[in-house]
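So the sequences go chain by chain: H and W. Under the working numbering, the residue at position 178 of the first sequence is numbered 178, and the numbers go up by one with no gaps. Under the working numbering, the residue at position 170 of the second sequence is numbered 170, and the numbers go up by one with no gaps.
Simulated from the structure, these hints should not be mistaken for lab results. The beta-carbon is built from N, C-alpha and C at its ideal position, and this holds for glycine as well. Please note that a few of the clues may not be correct.
Residues from chain H shown here face chain W by an in silico Cβ test under 10 Å; the list is partial [claimed, not checked]:
| # | residue |
| --- | --- |
| 1 | SER78 |
| 2 | LEU96 |
| 3 | ASP98 |
| 4 | SER104 |
| 5 | THR118 |
| 6 | PRO145 |
| 7 | LEU149 |
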Amino acid sequence: MSNSEQKTPLVVLRNISISFGGIKAVDDVSLDLYPGEVVGLLGHNGAGKSTLIKILSGAYEADSGEIWINGEKAEINSPRDARDYNIETIYQTLALADNLDAASNLFLGRELVSRLGTVDDARMEAETRKIMARLNPNFKKLKEPVSALSGGQRQSVAIARAVYFNAKILIMDEPTAALGVHETAMVADLIKELKAQGLGIFLISHDTREMMELCDRVSVMKNGQLVGTERVEDVTEDDILSMIILGKNPKREAA
Amino acid sequence: MTQTPSSSGQSPKRRESAVSRFLNATELDTRLLGMVAALAMIWIGFHFFGLFKTGFGAFLTPRNLWNLSVQTASIGIMATGMVLVIVTRNIDLSVGSILGFCAIAMGMMQVHILPQYLGLGHPAIWIITVIFGMAVGTVIGALHGWLIAYLAIPAFIVTLGGLLVWRGAAFLVARGETISPVDSTFALLGGGPYGAVGAMGSWIVGLIGCAAVIYMIIAGRRKRKTFGIPQRPVWAEYFLSALGCGVIVGAVLLVNSYYWPRGIVRAYAAENNIEIPEGGLFISHGFAIPVLILLGVGIGMTILMNRTRFGRYVFAIGGNPEAAKLAGINTRWMTVKIFALMGLLTGLSSVVASARLGSATNALGTLDELYVIAAAVIGGTSLAGGVGTIYGAILGAFVMQSLQTGMVLVGFDAAMQQIVVGSVLVLAVYLDNQYRRASK
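Chain W extracted, bound-state conformation:
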């Protein structure tokens, strides 16, 4: 309802093409299709560019796509929060620095403080550290929100200040040192062969996903029937179920076809007294834990935005702050809560990023704010406020990360990468404007 206008509701007299009839029947979001097409183009483009240039297409391999999913997690988690911030006509430039500060705070906690009291490698260390990191992020976010809402300092200024303050604070706390190694259980949250759920785990996740897709389609039909809302044609329901399950099963097959590197398999086999059979032992990675975290965040945030009063108020404030206030919504308190949530997600993202790195440095997350904002905007979040989707932001993060990864694979240097990423952002917003104008 709050998203971009769907293609439905056109006058029935107009002769519609097969494509638009198909879109009307399935109620698929044309913007979503556009983004998926763009992503596919990037993937195929880099794959064949590599193929022609070096004779080896490295992009469309299980290994690269698995890594891509892990690299997207950190930006993607923050991008879902940035949607709320931008939808309410604010901006947060400080997420990269908050991420760095949270990482340092967690590093101090798990390396210098907790082992003193609990002993090194205590099983509670990672839990306390994660909660602590997310709490630090939440408090910083809430402070920013309070400055914006109650002291009426523009979000741009508060978070621009935050960008400098928290990066500096991170340096001060650790005196510029890198804190490592992180707790071994904590490190699993960043992915890697051990930080993935394996073949069986991935199939379980996949089956739950398929069951959820089918349940949602059946429940949606029942609800429409109860309230006399026109139904989708039955073939469209079957198509959507098949599409949803197909994507999920495809993802499971993909992550399961990326096997552990030989060295790690050897070490693992030696440790567990497993005989390596002839031809090699193949252990699937399966979904990486950070990817599952991103998935969980994406689902949770989508429910929050589309199914709760909180989400409804976020959109209302974005659409018309004055009207929201007159409708009895406490817009100031909402702003504090939105920034606190952004901080919480930044803390979570910091867990993923520092776990993946295996250490905490005060430079962690540098420039992340720009990638996060770009991901949200490429994903269709309007800087004018009022419009944005969670899945769009996650797809946007995938687009950004795909570009980045692809350019590394085909050997673009850092300067070229910056030029391309910057240009793509501007182009994406231009195309978005055109799309909105056309759909009006």
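Here chain H stands alone, though its shape is the one from the complex:
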């Protein structure tokens, strides 16, 4: 993304802070994301990655800081606000209602309704069938509650939910953590495809090799603070690991 600097950034997070009970979970973090770019977020458990993106997805409200979308200041106070800005999130926990079927989960909060205002289950099922045929052709259990699905199938429901509604900004919190080799490869292909369509993607993962392959830039967090953001071609996997563990970039320190 050599030309990304000339475009307006899709997302700018500026000086974001949030504390829970006196502990600064996110401490003055600034990040940006351009269209067609994948930015990886790395760090130990509890480094503040999930909290940061939950602020962008509307699940938490930041104590201070600003969010800019497409060059305009955005007010995101709820998940619904985030959706209005075409921000879709795949949560680590998947955030599926286990007792509902795939279609009900996919359209949760945005149900298709008939002219009478009643939920149109048949149409939602047909739409779900369509998108699943694209994402996971083996997916057949449309009528079952998602508790009856395998980890990979549940993941594909969560991904379908984000993709179906034409997201401009996609947040993926450990999308491959529960997946097998084959399914992980499918998710990687999907990320590349969405990136090619011009989406901006925040990707959280613990797998540094995967991040090196999929991301354009990586940002490392430690103890709620941003250690640094690097283009992947400028760093090695070892550099990233030392950023995660030591909280500093050896190359920058040396320079």
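With chain H fixed as given, assemble chain W onto it according to the hints.
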């Protein structure tokens, strides 16, 4: 979709028995069949127990079954609301006391307040009273919901407090007195010979019901065709239509074969100058009005739960509150609305209960909360949340009431009744657990 997993979707390679093929084809809910079987066992059991003990089986008579339907109405109406409360992982222990308070509030309204301004027996009295009672219930429910959702006090505590508060408030408002008699039109909402729609009315209700069953089956077929969803075999559609219409027609025949008592017929004939023919004048009760109210509530609540966003969100909150919140559902406001709806239904139930009694006492509805919760749970509502059906709760109310009525008919004393009802509740939840485990 949100109910218990159906028996469909098994691997086609497995050799299936005739029974399971039949269930797959008709898509009948096996839990529903189980409950109907349990109900049939209770009915037949009490009938023959009475037959052997006293020489007279009183249970399976039109008179008893008609009374059973009327007695079920009050608990059944509240049980449909309790399904929503329990599905969203809450509980409401206060419905019995709210019912008592609403009854007293309505009693004051129609006996002491409205006649002063409108005159005794004014035709608007019952309408204003009913709306007032339901409004009182709704406001109390909404208050409980607000305490639970916005002040984060557990539902168990809020409604346990409510259980005491509203019973006490009912006593204070009426100073412990019984308020009677209720308005004569209001009294019809509780049933009785005049509070039933008669033979012709029942046939009209029955025919509308049959038409609705057939329409739903045809519309369902058309919809499945539009979206390429596999169809049921045609014979299964015919079977379901026949079954649905058969049950409805059977119910109409049953309520129409229960005639007015002789004394009331005589009074009615004298009042309307009707000559009583030789052999007696037979006037059918037909469906009692409270039963039709329960029916209407059941249909309305089923549509609400299965066909609206509101219902979808109720199930989503029950399945995963966190996910519901992240999907943009205002779970707090939903909680307020759910408890307000529970209050509204309790108010309606209070109308039925006090109309049936013909008066309002502050003890009305005592222990109802336990019967209502039991009805919902016996009907398959999971206390873990996320699962429950309206028809199940209504059937559950029928089971509870059948047990109660049956034990009275065969002469069990009150202590024995309590032991049986309590044991059945525990047994029902145990069987429900086993069923869920087996169907997983």
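Hint by hint, here is what the structure shows:
no.: 1; hint: SER78; result: holds (7 Å)
no.: 2; hint: LEU96; result: holds (6 Å)
no.: 3; hint: ASP98; result: holds (5 Å)
no.: 4; hint: SER104; result: holds (6 Å)
no.: 5; hint: THR118; result: holds (4 Å)
no.: 6; hint: PRO145; result: holds (7 Å)
no.: 7; hint: LEU149; result: violated (12 Å)
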